[in-house]
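**Q** Heads up: the sequence lines are chains A and B, in that order. Counted the way the working numbering counts, the first sequence spans residues -2 to 327. Counted the way the working numbering counts, the second sequence spans residues 994 to 1360.
It should be emphasised that the hints constitute simulated quantities derived from the structure, not laboratory data. Idealized CB from N, CA, C, for every residue including glycine. Wrong hints could be hidden among the right ones.
When the alpha-carbon atoms are kept at most 16 Å apart in a straight line, the in silico EDC-like pairs for lysine to aspartate or glutamate are as follows [stated by the list, open to error]: (1) A/309 - A/191; (2) B/1083 - B/1171; (3) B/1242 - B/1231; (4) B/1007 - A/325; (5) A/286 - B/1171; (6) A/290 - A/241.
Computed spacing ranges between beta-carbons, pair by pair [said to hold, decoys possible]: (7) B/1211 - A/262: 52 to 58 Å; (8) B/1044 - A/120: 24 to 30 Å; (9) B/1192 - A/311: 56 to 62 Å; (10) B/1279 - A/284: 19 to 25 Å; (11) A/122 - B/1195: 40 to 46 Å; (12) A/311 - B/1019: 56 to 62 Å; (13) A/302 - B/1192: 39 to 45 Å; (14) B/1060 - A/69: 43 to 49 Å; (15) B/1178 - A/2: 53 to 59 Å; (16) B/1058 - A/56: 48 to 54 Å; (17) A/324 - B/1319: 45 to 51 Å; (18) A/272 - B/1003: 50 to 56 Å; (19) A/272 - B/1042: 47 to 53 Å.
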Amino acid sequence: MFDFVSFIPRAVVQGIPLLYGSTGETLTEKSGNLNLGIPGIMYMGAISGVIGSFFYEQSTTPETVSVFLLLAIPLLCSLIGSLLMGLLYCFLTVTLRANQNVTGLAITTFGVGFGNFFGGSLIKLSGTQVPAIILSTTSGYFSRPLPFADRLGWFGKLFLSYGFLAYLAIIIALAASFVLNRTRTGLHLRAVGESPNTADAAGINVARYKYAATCIGSMIAGLGGLYYVMDYASGIWSSNAFGDRGWLAIALVIFTIWRPNVGILASFLFGGLYILHMYIPSGMNLAIKEIYKMLPYVVTLIVLIIVSMRKKRENQPPASLGLSYFREDR
Amino acid sequence: MNKKSHTPLIHISKRGLLPWYQAWAIRGGAIVAALVLCALITMLVTGLNPIQVYVTIFEGSFGSSRRAWVLFQNIAILLCVSLAVTPAFKMRFWNIGGEGQMLIGGLATTACMILLGDKLPNAVLIPIMVAASLAAGAIWGGIPAFFKARWNTNETLFTLMMNYIATQLVAYFIIIWEVPKGAGQIGIINQSTQAGWLPTIGSSKYLLNILIVAVICGVMYIYLTYSKHGYEIAVVGESERTARYVGIKVERVIIRTMLLSGAVCGLAGMLLVGGTDHTLTTTITAGRGFTAVMVSWLAKFNPLWMIFTSFLLVFLQRGAGQISTNFGLNQSFSDILTGVILFFIIGSEFFVSYQINFRKSTNKEAR
Chain A
-2 MFDFVSFIPR AVVQGIPLLY GSTGETLTEK SGNLNLGIPG IMYMGAISGV IGSFFYEQST
58 TPETVSVFLL LAIPLLCSLI GSLLMGLLYC FLTVTLRANQ NVTGLAITTF GVGFGNFFGG
118 SLIKLSGTQV PAIILSTTSG YFSRPLPFAD RLGWFGKLFL SYGFLAYLAI IIALAASFVL
178 NRTRTGLHLR AVGESPNTAD AAGINVARYK YAATCIGSMI AGLGGLYYVM DYASGIWSSN
238 AFGDRGWLAI ALVIFTIWRP NVGILASFLF GGLYILHMYI PSGMNLAIKE IYKMLPYVVT
298 LIVLIIVSMR KKRENQPPAS LGLSYFREDR
Chain B
994 MNKKSHTPLI HISKRGLLPW YQAWAIRGGA IVAALVLCAL ITMLVTGLNP IQVYVTIFEG
1054 SFGSSRRAWV LFQNIAILLC VSLAVTPAFK MRFWNIGGEG QMLIGGLATT ACMILLGDKL
1114 PNAVLIPIMV AASLAAGAIW GGIPAFFKAR WNTNETLFTL MMNYIATQLV AYFIIIWEVP
1174 KGAGQIGIIN QSTQAGWLPT IGSSKYLLNI LIVAVICGVM YIYLTYSKHG YEIAVVGESE
1234 RTARYVGIKV ERVIIRTMLL SGAVCGLAGM LLVGGTDHTL TTTITAGRGF TAVMVSWLAK
1294 FNPLWMIFTS FLLVFLQRGA GQISTNFGLN QSFSDILTGV ILFFIIGSEF FVSYQINFRK
1354 STNKEAR
């Protein structure tokens, strides 16, 4: 019998980083910026948090440690790290009107490199005497489940057993969805992504919206990296462990047809597909598991194709996605 | 008399075409600035002085004849993928699936080497490998092109997904063909018979690859600059409507160009598997499919400039790798430096195509 009570929580913790990434990317894409730098930004968010918390854990002893700082420092560092990457992306693509694909890929190269480099060399560079980066104290607080989680049986395991960043991801996704669809700001943002010319003519500051959406989107995506390393990976940094989740988050944006609220369940589904191969009884045939790992991408492709075939107007990507805007260009 | 003038402080306008030496002076300046910043970063991390930094980078690339061969081999493969994606980019078809197209070409090559290795002599086997890798790459590039042409499906996202499907396919076949069972890797294919290994010219196994890519580079330059196909690609890239108006079949151009683009990527995979590595892993492409996008764009889609841009990136990677090795640092250091260089060059393009006009003294307007 398929063990749902153990499967679903694992799918959820796999899904949360994707949810952060896709919510951030959806906001970004709604402003017309196709930020392929998301994988790099998620690495950046993760490593910035790790660096902050590494130095804080090194500077204190278990007796003098402050829970507030233990949580606040990684969060703040992570947000700043990913914000800087978002700003860089915006500066290059919005202010300097560079090609978004190239800029995004450069950001990914840089971010992934930055993460792996400092993850692998931080101990040597800081001259401390520890064998590996293991932030178990910090991670303990990040992954602390809600109260009563272990007393409520399957209910507690399914709904209450996650760290606070998991719940934050859902709140952020719902908030993003609300802002996009129900507020004037969201309307303006969508206008910027669909037709910057029209938005500009209507008096909307295109550059400001693009900057704001991309930077906030980057910060949200960066939190996904932080969640991964602090909660999922128990505060242990290992090179390239984050893997291709950043690209999967971009896939998820398409899969949800640019809707952050759909992203909540979709991210859990993706998380499930990501680990499905561990639950499929395959006996000695290990090779077939590799085929199962293909599923999230195949499903995304199918959605991408169907959406483009049906041509429903509300399901299309933002019309100016991937294009820089220059007022004097016609 | 309350009318204020609303001239903004800075006004940006498009430049006319700059003479090529000015444009390249701007880009060159950006590269120099980036190299200075790279040296500063390296100084902070390792404590070397800037001269030593450059000496180490140079040594890492040209320090011995082996290193120089590896450098040129890496340039050749990167250049090959960059050349492959270029026709698509000129058409404004953002093929970021070079990674997957290479992998699938490599997979096809591996299949031929393993399944036919002991049945056919090399003279027959190698042409089959070439054909198989070209076909596999072409199919992998053709699928997104078909959907783009037929239903205008977003090609960036499509080719991106195809990368991972290819990766998993390769992972699947690696387990099928793993030697020994349970090793999780294929190992060197046909080590004893060398069936399907590309011939070596002289003493270096890299020379053949380099020559092949040099030929592809020349052919691609001619194809894009002087052929009718190249002209059609350029028109479609500049304006699809114009292309339709003058009677170019846009769908056909898109599919044809992507078949070509994918096929050359597949060939690059063949060169890696058959020419140098003689094995297949899921990471054999080492991100070249993505780097190629930047190489091609940095060179303004000009195949001859690509020799230089791919040299720059590979040179930096090898050099930074050397610094990492010397100081016991993580190999990803090169990615950081690559990123810095890319940011500078990407930013410099702005100054090539736009000019900044500052507000002139307001006295004149006040009169």
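**Q** Taking the hints in turn, state whether each one holds.
**A** Against the structure, the hints come out as follows:
1. Between the alpha carbons of residue 309 of chain A and residue 191 of chain A the distance comes to roughly 15 Å, so the proposed pair stays at or under 16 Å and holds.
2. With a C-alpha separation of about 40 Å, the suggested pair residue 1083 of chain B and residue 1171 of chain B falls outside the 16 Å cut-off, and the hint is violated.
3. Between residue 1242 of chain B and residue 1231 of chain B the alpha-carbon distance is near 15 Å, which keeps this suggested pair within the 16 Å criterion.
4. Between residue 1007 of chain B and residue 325 of chain A the CA atoms are separated by roughly 8 Å; this keeps the pair inside 16 Å, and the hint holds.
5. Restraint check: the Cα-Cα separation between residue 286 of chain A and residue 1171 of chain B comes to about 15 Å, which is no more than 16 Å; the hinted pair holds.
6. Proximity of residue 290 of chain A to residue 241 of chain A is assessed by CA-CA distance (about 12 Å); at most 16 Å being required, the pair is judged to hold.
7. Hint check: residue 1211 of chain B to residue 262 of chain A, Cβ distance near 53 Å, so the stated range 52 to 58 Å holds.
8. Taken as a hint, the range 24 to 30 Å holds for the pair residue 1044 of chain B and residue 120 of chain A, whose Cβ atoms sit roughly 28 Å apart.
9. Taking 56 to 62 Å as the suggested C-beta distance range, the pair residue 1192 of chain B and residue 311 of chain A conforms, at roughly 58 Å.
10. Range check, residue 1279 of chain B to residue 284 of chain A: about 24 Å between beta-carbon atoms, so the 19 to 25 Å window is met.
11. Here the CB-CB span from residue 122 of chain A to residue 1195 of chain B is close to 44 Å, well matched to the stated 40 to 46 Å.
12. The beta-carbon spacing between residue 311 of chain A and residue 1019 of chain B, approximately 43 Å, falls outside the hinted interval of 56 to 62 Å.
13. Between residue 302 of chain A and residue 1192 of chain B the beta carbon distance is about 43 Å. The supplied range of 39 to 45 Å therefore holds.
14. For residue 1060 of chain B paired with residue 69 of chain A, a C-beta distance near 47 Å keeps the hint of 43 to 49 Å intact.
15. At about 36 Å, the CB distance of residue 1178 of chain B to residue 2 of chain A disagrees with the hint of 53 to 59 Å.
16. Residue 1058 of chain B and residue 56 of chain A have their C-beta atoms about 49 Å apart, which keeps the hinted 48 to 54 Å range intact.
17. For the pair residue 324 of chain A and residue 1319 of chain B, the beta carbons lie near 50 Å from each other, so the given range of 45 to 51 Å is met.
18. A C-beta distance of roughly 52 Å is found between residue 272 of chain A and residue 1003 of chain B, which places it inside the suggested range of 50 to 56 Å.
19. Range check, residue 272 of chain A to residue 1042 of chain B: about 49 Å between beta-carbon atoms, so the 47 to 53 Å window is met.
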